[in-house]
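**Q** Given next are the chains, with one letter for each unit.
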Amino acid sequence: MEWTFRSDRPIYAQLVEQMTQAILSGTFAPGERLPAVRELATQAGVNPNTMQRAMAELEQQGLIYAQRTNGRFVTGDTTAIGSVRDRVARQRVSSFAADMGRLGYHKEQVLQLLREEEVF
Amino acid sequence: MLSKLLKHEFRATARVMLPVYVLLAVSTGLFCLSMRIDPTYELRALTVFRSLMGFIFGVTIIGTGIVTLALMVYRFYKNYMTDEGYLMFTLPVSTTQLLWSKLIVALVWSIVTALAVMAAALLTMVSEGILGGLLPDLRTIWSYLLSQLTTGQLVSFGVEFMVLIIISSLGSYLMFYAAISLGHSFANHKLLLSVVFYLAFSVGMQTIASFGGVFGIIAISEDGFFLDDPAIWVQRLALGGIGVALVIAVVFYVVTHLMLKKRLNLQ
Amino acid sequence: MALLECRQLTKNYGGVLALDRVDLTVEAGRIVGLLGPNGSGKTTLIKIANGLLVPTSGTLTIAGMAPGPDTKAIVSYLPERTYLSDWMNVVQLLDFFCDFYPDFDRSTAEHMLTALEISPRLRIKQMSKGTREKVQLILVMSRKARLYLLDEPIGGVDPATRDYIIRTILTNYNEQASVVISTHLIADVENVLDDVIFINKGRVALQSSVDQIREEKGCSVDELFREVFRYAE
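Going down the list, the protein sequences come from chains Z, F and D.
Going left to right, the first sequence walks through residues 572 to 691 as this note's numbering numbers them.
Going left to right, the second sequence walks through residues 394 to 660 as this note's numbering numbers them.
Going left to right, the third sequence walks through residues 271 to 503 as this note's numbering numbers them.
Extracted from the complex, chain Z is given alone in its bound form:
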């Protein structure tokens, strides 16, 4: 897994995003056991406390859960993952819409472009 970080935003927030992406894309499969915090932190090249904070955030969001002695796991609840995926998708769409709006395009033009570009 490739980790990239921007320097102007808190790392834990970026970790949350990148791990969410990994779970959504299936890099971390549902129900899969995650590596230990320390190991993940070393892989990502970040401070273990920061990784810990990101994990706590993901736990709160319901994307991962902790089993007392066994470590952390990606949730097996595909519905939960699905709703996060949906949320992220909508965020991307509104961000795209905002960008296109700034370029001066309105809805019909955007839809036309999408058809022409055959991106899907």
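Note that these hints are calculated values from the structure, not bench results.
Among the clues, some could well be false.
Simulated pairs of lysine-lysine, BS3-like, Cα-Cα distance not exceeding 25 Å [unchecked claim]:
#1 F:655 - D:471
#2 D:395 - F:471
#3 F:400 - F:654
#4 D:395 - F:397
#5 D:399 - F:471
#6 D:414 - F:397
#7 F:400 - D:399
Once you have looked at the hints, place chains F and D on chain Z.
**A** Frame of chain Z; chains F and D shown alone:
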């Protein structure tokens, strides 16, 4: 921890001292050999060889002594005052242990060198046959001593003499250590100042020795001084000498310890 | 109890006020960056923590104790310079560290040395500068100390070694110990730091967590540092 410091210090110094002792042994051996060759062969080369071996022998003897002293002083400087100090002074040991480890090792090598040099000299004398000639004289001196003193007194003099030698040696090394640690407590010109301090101390020692000599002469010229048994008089001298040497050693020890503990100034 | 604590720590030598009433705290389980320009007092602070200098006034305690043999047993120090005897070889150095430091983990050190292909018979004087620095780092990080004080650990090494060093620091992390990294190469270590302490002219200019700085100021620690320590126009 002190034993570990000693172990490592011996390791570091043996690297130099052992080859030096080997050199001493070899030159002694060669010299003795050159003596043994039958002089009936009137070869010019033989005389030259003998003189050369003798010269080398002399140089090696002096060299061994110098190397011992120089190495011990250098070790203190290199290990404690240069970058290696960053390692030594962050070890979980006390300043006292650090100081004593260098002192004990210096003392041990000094004793070994003294014995080695004496052994070399003795061997040479045996080879040259001088010892045989000296032996009757030595016996006479010994008998005289035995007649004048009890065995107990002789033993105590021997012990006092040893103690004096040991304390003076420690004192000499401590004088170097004090000068080096004082010189290095300054920001600049550390080595220069170390040398200056050493010279100052030497002058100080000379001065004390002169005073000691003056007092000694005054004491001797006092009437009634010689009323005591000369043995007791020698005893007093020996103990006085030990006392003075002890005070000097302690003063230099305290100075060095203080400098290492409070004024360490590694760059 | 804080692992490292300074209270009104002041050091004056040769007429220079190297540290001026410094107050700071480092708790266990943190990786802290001690950041400041040259001559800011970083090295003086670290030397005092190691018992190599005595303060003029104020206190510095490590796990509640003043610097001495007891603190030296729990502090692992990596100085900027090579402090190893140049005639010793790797095996002798391992013996040395094993002898003096009960917390030294020889097998960890040997693994790291093998991983970096450093031969055990190699003497310090035969090594290149880079190899020497690696050996020193390995020896220091192979101790299970409570406080690691690293003075410019990534200064003179190539980027691959830099990554290796940072990875070693991370792999070594444990909640009972803390690492203080004194450096001016902030961008390289920023992701790894919990907290940073900006120090300038012997004073603490700032003590904060990296996350806080990024959240509140919207810039990296590196950028903030440049701003704070910008030379006057």
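**Q** Straight-line Cα separation of residue 395 of chain D and residue 471 of chain F no greater than 25 Å?
**A** Roughly 15 Å between the alpha carbons, so the hint for residue 395 of chain D and residue 471 of chain F holds.
**Q** Please work out if residue 395 of chain D and residue 397 of chain F have their alpha carbons no farther apart than 25 Å.
**A** holds (23 Å)
**Q** Does the structure keep residue 400 of chain F and residue 399 of chain D at a Cα separation of 25 Å or less?
**A** violated (28 Å)
**Q** Are the Cα atoms of residue 655 of chain F and residue 471 of chain D separated by 25 Å or less?
**A** holds (23 Å)
**Q** Taking only the CA atoms, is the gap from residue 414 of chain D to residue 397 of chain F under or equal to 25 Å?
**A** At roughly 20 Å apart (the allowed maximum being 25 Å), residue 397 of chain F and residue 414 of chain D satisfy the hint.
**Q** Holds or violated: residue 400 of chain F and residue 654 of chain F, Cα atoms, limit 25 Å.
**A** holds (23 Å)
**Q** Decide if the proposed pair is consistent with the structure: residue 399 of chain D and residue 471 of chain F, CA atoms, cutoff 25 Å inclusive.
**A** With Cα atoms ~20 Å apart, residue 399 of chain D and residue 471 of chain F stay inside 25 Å; holds.
Violation of the numbered hints given earlier is confined to hint 7; every other hint is satisfied by the structure.
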